[in-house]
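Number of protein chains: 2
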Amino acid sequence: MTYKLYKKEYDYSYSLGVFPTIELLQNHPKTTEKVLLHPNGNENQGVRKIVEFCNQHGILVETNEKLVSKLSRKDNCYAIGIFSKQSMSLSNAENHIALVNPSDMGNLGTIIRTVVGFGITNIAIIRPAVDAYNPRVIRGSMGAFFKTNIQFFDNFQEYLDRYNNDIYTLRLNGLRPLNKLKLNVNRPYTIVFGNEGSGLGDDFDDIGTGIVIPHNEQIDSLNLAVAVGITVHHFTNCTI
Amino acid sequence: MTYKLYKKEYDYSYSLGVFPTIELLQNHPKTTEKVLLHPNGNENQGVRKIVEFCNQHGILVETNEKLVSKLSRKDNCYAIGIFSKQSMSLSNAENHIALVNPSDMGNLGTIIRTVVGFGITNIAIIRPAVDAYNPRVIRGSMGAFFKTNIQFFDNFQEYLDRYNNDIYTLRLNGLRPLNKLKLNVNRPYTIVFGNEGSGLGDDFDDIGTGIVIPHNEQIDSLNLAVAVGITVHHFTNCTI
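Chains A and B are the protein sequences, given in the same order. Residues in the first sequence are numbered from 7 upward in steps of one, following the working numbering. Residues in the second sequence are numbered from 7 upward in steps of one, following the working numbering.
Heads up, some of the hints might be wrong.
Stated by the list, open to error - Restraint-style ranges between C-beta atoms, simulated for each label pair: (1) Glu68(A) / Ser95(B): 25 to 33 Å; (2) Glu223(A) / Gln51(B): 16 to 24 Å; (3) Gln51(A) / Gln51(B): 51 to 59 Å; (4) Leu166(B) / Ser90(A): 19 to 27 Å; (5) Gln224(B) / Thr215(A): 45 to 53 Å; (6) Ser204(B) / Ser227(A): 44 to 52 Å; (7) Ala99(B) / Gln51(A): 46 to 54 Å; (8) Ser93(A) / Glu164(B): 49 to 57 Å.
Please keep in mind that the hints were generated in silico from the structure rather than gathered at the bench. For every residue, glycine included, the Cβ atom is placed at its ideal position computed from N, Cα and C.
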């Protein structure tokens, strides 16, 4: 099989770099098809760890300078993991975040890294959305992508029909300031975030509890990844 | 004068786009040398606001399609403000943030936007650091750059010699979890953040109060802009 620069329609994707590839192997050894190495990384400790792991688990390793440079578009990428995309479901009875129409790959990676760090590993993505399997998202997540369940929905009603968590929506017109919010911690919750530019539309006005992060009028809004970090930190910081 | 693609050594810089240019004009009309417009933006409401403002304040406006496209490297940039760099000092008796060796322009812009939204407009930058005047930083800040005082220092001691705020340092080995932190709100404070990759070095161990944002071991660290957002939100959310 010949591997080409990633495209959304492929049924596989890549972890670019040593650290994300270790995360891929440790979390999804069975869906890892192969690992590609760059010869310059032979002395790298992480690369040695990768080779050892692959030998133990019977995963193919190929040293291929040209292909690694081509797929990573970088000179200093030492390892690439090739893995098949699997459809995933979210865990019932756990907390979720739902991202409605996320459109920025870097932001999505940062969001994944952030929520995993605060213990939320179930992520609903409402389409249209940026391709979460794009290697740039995975790299931006620093490999935290491989510790999550990500499930895609065509609209938010589809998500509501399937899961029964308490819903909190972050909105500029939310009535409940985040810092005054009291949670019912006995029930799993889902925090819903809108698109980077447009936020959540009016159709979310009657869904769940609308919350807001109070900030002054010197700025229009917070960056989405920053808003997710502040919100999820507030929701989880009593329970870590 | 012929204007060229921005370089760090120039004594002027650019606001790229309608929104950042309006922020430039409203906050620093006296240091604005000129505004360049793209003819395609003639019907744009923001552009009209710019032209009106410039006429009132005697600021030169030039329509120059070629130069706007060249300086912005984009096809859809309608306005560019050209402003001279001014050395700034931080306000005594106000809260500050200090960024030690920030290295990512996008992150720096997001950080500026975030802290301005929470009411902190005095930013110390400890060199070596990314060029805060780079148009990418200004754009990343959504123009909030123009609402700040930014002062540069060659090392942190130089900052300490000059300002007398209470110091809080965000560190992975900080002893005080952010969510348990009680502040003395009668004294101005400075929150210190390290570099994106390496954080604050050992030389900060004995400076001020070390704080930490508790997260699990599934990630190495939080993204810097997210960490700044969570921390500054916590410090300021009682006072907005």
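- When you take the CB atoms of Ala99(B) and Gln51(A), is the distance between them in 46 to 54 Å? holds (50 Å)
- Message: Holds or violated: the 49 to 57 Å window for the beta-carbon distance between Ser93(A) and Glu164(B)?
- Response: holds (56 Å)
- Item | Satisfaction of the hinted span 16 to 24 Å by the C-beta atoms belonging to Glu223(A) and Gln51(B) | holds (19 Å)
- Does the Cβ-Cβ separation between Gln224(B) and Thr215(A) fall within 45 to 53 Å? Since Gln224(B) and Thr215(A) have Cβ atoms about 27 Å apart, the given range 45 to 53 Å is violated.
- Taking the CB of Glu68(A) and the CB of Ser95(B), does the distance hold inside 25 to 33 Å? Given range 25 to 33 Å: violated, Cβ gap about 58 Å.
- Message: Within 51 to 59 Å: is that where the Cβ-Cβ distance between Gln51(A) and Gln51(B) falls?
- Response: holds (57 Å)
- Item | Cβ distance range 19 to 27 Å for Leu166(B) and Ser90(A), holds or violated | violated (54 Å)
- Query: Holds or violated: 44 to 52 Å for the Cβ distance of Ser204(B) and Ser227(A)?
  - Reply: Violated - the Cβ-Cβ distance for Ser204(B) and Ser227(A), about 30 Å, lies outside 44 to 52 Å.
The structure fails hints 1, 4, 5 and 6 (numbered hints given earlier, in ascending order).
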